[in-house]
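Peer 1: Here is what each chain is made of, one letter per residue.
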Amino acid sequence: MNHAVLAEGLAKRFGETTALDGVDLAVRTGSVLGLLGPNGAGKTTAVRILTTLLRPDAGHAEVCGLDVVRQAHQVRGLIGLTGQYASVDEMLTGAENLLLIGRLFGRPRAEAKRRARELLDRFDLTDAANRATKTYSGGMRRRLDLAASLVKQPRVLFLDEPTTGLDPRSRLDMWQIVRELVADGVTVLLTTQYLDEADQLADEIAVVDHGKVIATGTPAQLKARTGAQPLIVRPADVADLPIVLSVVRDVTATEPVVEGSTVTASVTDPGLLPAVVRRLDDARVLVAELALRDASLDEVFLGLTGHRATDHADEPETEGVPA
Amino acid sequence: MTTIAAPAPAPRARPFEGFTQSLTLSWRTLVQIKHNPMELIDFSIQPIMFLLLFTYVFGGAISGSTGDYLTFALPGIIVQNSLFGTLNTGVGLNTDLTKGVFDRLRALPIARWSPLAGRIAADMVKQAWAMALLLGLGAIMGFRVGTDVVSVLGAFLLLLGFAMAFSWISVLVGMLVNEPEKVMIFGFAVMFPLTFVSNAFVQTDTMPGWLQGWVHINPVSKLADAIRGLLSGGPVAGPVWMSLAWAAGILAVFAPLAVRAFRRRL
Chain S
1 MNHAVLAEGL
11 AKRFGETTAL
21 DGVDLAVRTG
31 SVLGLLGPNG
41 AGKTTAVRIL
51 TTLLRPDAGH
61 AEVCGLDVVR
71 QAHQVRGLIG
81 LTGQYASVDE
91 MLTGAENLLL
101 IGRLFGRPRA
111 EAKRRARELL
121 DRFDLTDAAN
131 RATKTYSGGM
141 RRRLDLAASL
151 VKQPRVLFLD
161 EPTTGLDPRS
171 RLDMWQIVRE
181 LVADGVTVLL
191 TTQYLDEADQ
201 LADEIAVVDH
211 GKVIATGTPA
221 QLKARTGAQP
231 LIVRPADVAD
241 LPIVLSVVRD
251 VTATEPVVEG
261 STVTASVTDP
271 GLLPAVVRRL
281 DDARVLVAEL
291 ALRDASLDEV
301 FLGLTGHRAT
311 DHADEPETEG
321 VPA
Chain P
324 MTTIAAPAPA
334 PRARPFEGFT
344 QSLTLSWRTL
354 VQIKHNPMEL
364 IDFSIQPIMF
374 LLLFTYVFGG
384 AISGSTGDYL
394 TFALPGIIVQ
404 NSLFGTLNTG
414 VGLNTDLTKG
424 VFDRLRALPI
434 ARWSPLAGRI
444 AADMVKQAWA
454 MALLLGLGAI
464 MGFRVGTDVV
474 SVLGAFLLLL
484 GFAMAFSWIS
494 VLVGMLVNEP
504 EKVMIFGFAV
514 MFPLTFVSNA
524 FVQTDTMPGW
534 LQGWVHINPV
544 SKLADAIRGL
554 LSGGPVAGPV
564 WMSLAWAAGI
574 LAVFAPLAVR
584 AFRRRL
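Quick mapping for you: the protein sequence lines, in order, are chains S and P.
No gaps in the numbering here: position 275 of the first sequence is 275 in the working numbering, and each next residue is one more.
No gaps in the numbering here: position 124 of the second sequence is 447 in the working numbering, and each next residue is one more.
Isolated chain P, as found in the complex (with noise of 0.2 angstroms):
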């Protein structure tokens, strides 16, 4: 009897393949907010109620005027927004884990970290959305950029570079628990104390001396300023250095941390 050898694959996905296979699972992400409009809305709302509730009903309590207050807090806004965006990534994985179509994919032969990959990139596209959505409601509300365009530019990339590296503790968290709901209950715990006590809304100086301890170190302050000084003026490199380097710590963290959690989970 004769036998036909198989095809022989090759042994594993060249990078290049993991690439396009990484975007092609990251379109997957996108797409499904074509069927499920909700989602669009679901992160488009948040951001935009926060900015009109803080503008209009705090702003003139907080700075006098809710145009000084704008200025002040609309980089904030942005980045509590976009920390909070980051629990999606967690929360995506965890659906596909506990769904099964995590099992579909790693049946295929793709590269491993794609299904990873993918779901990052396709979060970092709607963090951009988010980030322009912002933009320009605080534009119609009269915010007004004091930079460039490159510095705005400059701001996506530093917000989408924090952002990248943030959305590993959701990728880790979106490993350990059970069930999607439980990355949201986390994500709440972590994240609102973690946004508020920094001066994203509000002057550190306003605050009891125990806290602007903390204040100051806090990562969200820190990115912060680095946005205020790309959108609005004002002093740039010091902030940024630190936020590239909190991001850095936390990528070196937890980037280990979450692949090794989804290895054991795997």
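Chain S extracted, bound-state conformation (with noise of 0.2 angstroms):
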């Protein structure tokens, strides 16, 4: 089985909202694939499907080579799902919450309480294994949810924005436990709004954008593909923003972006940054920050579909973009 997931053509509607408009996937066993995408993508829509919660309209799917609608109950058996709606009962304590799934798994009671106590080990939640769920800070919270998901080691995990919300260094260690999983064997589909949580952790990213996956490649050739960088600058002395914004203006070719005294362009050729410089040296201006950022997720949509990844999510997909 050289495809732990493999999803063709799935589609998927609600009601006059197309969610899904035909989707293919595949994720190599014990690889990490990201589904990268704004909100209202699709993403979750897939991941549903992918984990037997809802059907397809069209198309179809497999995890570990069973088909996601007719092997439903077998799929379960060899997935797990943590997500932004997969939840733990928060009415329980840590502890309750992983012995209930490993009863739920057939294990006996002990053995089922062993394996609770294991993991809360393994993510650090010993000390707060016999307290309400619902006291749980958000890291925490996620830490048990995604332990739920392992309470029998699962083929295939899926993590469905495993890090939206947590504060940055909630979010490095949940990095370091999707890298421990994944070194384990684990095959991990997770979806992120975030490119570079998709370039930290995933082998593969496909980009989704309204139901569709628009790209797919390593992480090192879809910023090449997409190429543009965002350029920032901004002057020491608000009086030279006219100044700034016709240098960067001109080296670029691109019509800035101007917020409060900060001057963005998107650049493709990392060699303009040499030449504004100069020519804010020549204009005797003083920089208080100038800086050739990594390509957001904003770049990646901005170069690969003309339009911002972060606002249009509420915009109807016909609405022209207002002058």
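None of these hints come from the bench; they were simulated from the model.
It is possible that part of the hints are untrue.
[What the hints assert, rightly or not] Interface residues of chain P toward chain S, partial, derived using beta-carbon atoms under 10 angstroms:
id	residue
1	Thr343
2	Ile356
3	Asp419
4	Lys422
[Unchecked claim] The calculated SDA-like cross-link candidates involving lysine to any residue, where the alpha carbons are at most 20 angstroms apart (straight line), are:
id	chain 1	residue 1	chain 2	residue 2
5	S	Lys134	P	Pro360
6	P	Lys357	S	Glu90
7	S	Lys134	P	Gly423
8	P	Lys422	P	Leu499
9	S	Lys134	P	Trp350
10	S	Lys113	P	Leu346
11	S	Lys113	S	Ala132
12	S	Lys152	S	Gly185
13	S	Lys134	S	Thr164
14	S	Lys152	S	Ile177
15	S	Lys113	S	Thr126
16	S	Lys113	P	His358
17	S	Lys134	P	Val354
18	S	Lys113	P	Thr343
19	P	Lys357	S	Ala128
20	P	Lys505	P	Glu362
21	S	Lys152	P	Thr343
22	P	Lys357	S	Ala132
23	P	Lys422	P	Lys505
24	P	Lys422	S	Met140
Everything numeric in this text was worked out from a predicted model, so none of it was measured.
In this text, a Cβ means the ideal position worked out from N, Cα and C, and glycines have one as well.
Take each chain as given, in its own frame, and dock them per the hints.
Peer 2: Given below as structure tokens:
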């Protein structure tokens, strides 16, 4: 079995909304696929179909060679799911939540308890084991969610936005845990809105927008393909803003965006940075901040689709861009 | 490259597995009480209040003496409390749906029906507790069982059976609304008229004629009569059969609707 997850032509509509519009996915066994896209792109719908929670209107999907619709019960025995929606019971303690799942997998009580202790220990939750989950912090809660999907070691783990809403420290913890799981041989499909998260964790990325996969490749391929990086310049003196604006406009040959006293432009050629520095120096402009940032999801999206990732979720698809 | 075949799990859960999974899930519902003692108070205090208030505030006015009224009203209060109690099922299911617990459970290789069965079974335990509580408090206040142990057990079983059928209405509402509070709102809008326009608290012949017609056929009246008969003595067979017929009717209409809504929602 070369692919732990295979999906072909998945489509799903909810009333008037097309959530998925023919999605193909392939996750090699033992690898990590990052499903990258903005809110409302269809990532969660895809995960819900692959984890048997939702039936596709069209297309078909297999997990470990088992059909997610016809062999759903068997698929459920092989997967783990941690998501924004698949949640632990917040009225139970951490230990009870894991015990519950162990028992539902048919483990004897003693064995289920032992497994719960192991997982609590591994995810640094032993001290909180006997507290109701509703008292947990966001990071603890997410770790318990993840532990809950590992009660029976899954072959394929689905992580739906595993770090959304977490503080940076908890986010790094989560990344570390995912890397350890991958090292154990678990195949992972994760969805994320953050390019750096996909970059950090995924072997391959599939970019999703409006229910379609619009690009696939390794993180490096994807960044090379989109190319654009944000160039940011902030003058020390706001009075110099017009000069900065015209310099950036000239050098990059694009129309920069001004926010506060910061000028931002998308550039594809990193060689432009020294040119900007020289021109500003010639004009004797003191600069407080000057940087070429790594491409974010925004740039990837802008490069691939011509629209920004962040604000199109509420926009009707056909609406023109206001002048 | 050799591939290791998946240790193929069974195509679906075996019935016995579904049964033990349901028990595990009802354990989960009941163990919640341990961490949220308010819940116990929540479903204990209302019956206690109703029994005390109705007996001591209205009892004298309605029956001439609180003792007579207690004998008449305790079975009615048991029935009324039990029907309100069925709302728990819908509230609990809706909470699981909205909080995502249901998705977690559905992604596990368990019988499809076990979360529903587990919830209903747990709520039956709560129902039995509330009925025992009312009987115990009633005994302290002077209620005397006029029948035998078998009849009292029969009253328990009849009440639980009826409540189980009735809880399908609650399941249906729990599947249709988008937040748990709405189950309660629906419940109060339906349960108050349903339970009060019956002979649970007062004799039917004290009401205006146009109401009496409904009171006579109201399932709450039938069930209250049956419980009265089983606890205090008096006619039993007629009201028990009528209650069972109502329970069967409610089950036949609402269980399929609820299961359909359950499937559609998931």
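Peer 1: Lys152 (chain S) and Ile177 (chain S): Cα distance at most 20 angstroms?
Peer 2: 16 angstroms, holds
Peer 1: Is the straight-line distance between the alpha-carbon of Lys357 (chain P) and that of Ala128 (chain S) 20 angstroms or less?
Peer 2: Cα-Cα ~16 angstroms, so holds.
Peer 1: Against chain S, run the beta carbon of Asp419 (chain P) and see if the smallest gap drops under 10 angstroms.
Peer 2: At about 8 angstroms, which falls below the 10 angstroms cut-off, the nearest Cβ of chain S leaves the hint on Asp419 (chain P) intact, so it holds.
Peer 1: Between the alpha carbons of Lys113 (chain S) and His358 (chain P), is the straight-line distance 20 angstroms or under?
Peer 2: 19 angstroms, holds
Peer 1: Does Met140 (chain S) sit within 20 angstroms of Lys422 (chain P), going by the straight-line distance between their CA atoms?
Peer 2: 17 angstroms, holds
Peer 1: Lys505 (chain P) and Glu362 (chain P): Cα distance at most 20 angstroms?
Peer 2: 18 angstroms, holds
Peer 1: Keeping to a limit of 20 angstroms between CA atoms, is the pair of Lys422 (chain P) and Leu499 (chain P) held or broken?
Peer 2: This hinted pair holds, its Cα atoms lying about 15 angstroms apart.
Peer 1: Quickly compare the C-alpha distance for Lys134 (chain S) and Pro360 (chain P) to 20 angstroms and report which way the hint goes.
Peer 2: 15 angstroms, holds
Peer 1: Would you check the hint for Lys422 (chain P) and Lys505 (chain P), treating anything up to 20 angstroms between C-alpha atoms as holding?
Peer 2: Within the cut-off at roughly 15 angstroms; holds.
Peer 1: Take a quick look at whether Lys357 (chain P) and Glu90 (chain S) sit within 20 angstroms of each other, Cα to Cα.
Peer 2: 13 angstroms, holds
Peer 1: Hinted pair, alpha-carbon criterion (20 angstroms max): Lys134 (chain S), Thr164 (chain S). Please report holds or violated.
Peer 2: Judged against 20 angstroms, a Cα distance of about 18 angstroms means the pair holds.
Peer 1: For the pair supplied as a hint, Lys134 (chain S) and Trp350 (chain P), confirm whether the alpha-carbon distance does not exceed 20 angstroms.
Peer 2: Measuring from Cα to Cα gives roughly 19 angstroms; hence the hint holds.
The structure agrees with every numbered hint stated previously.
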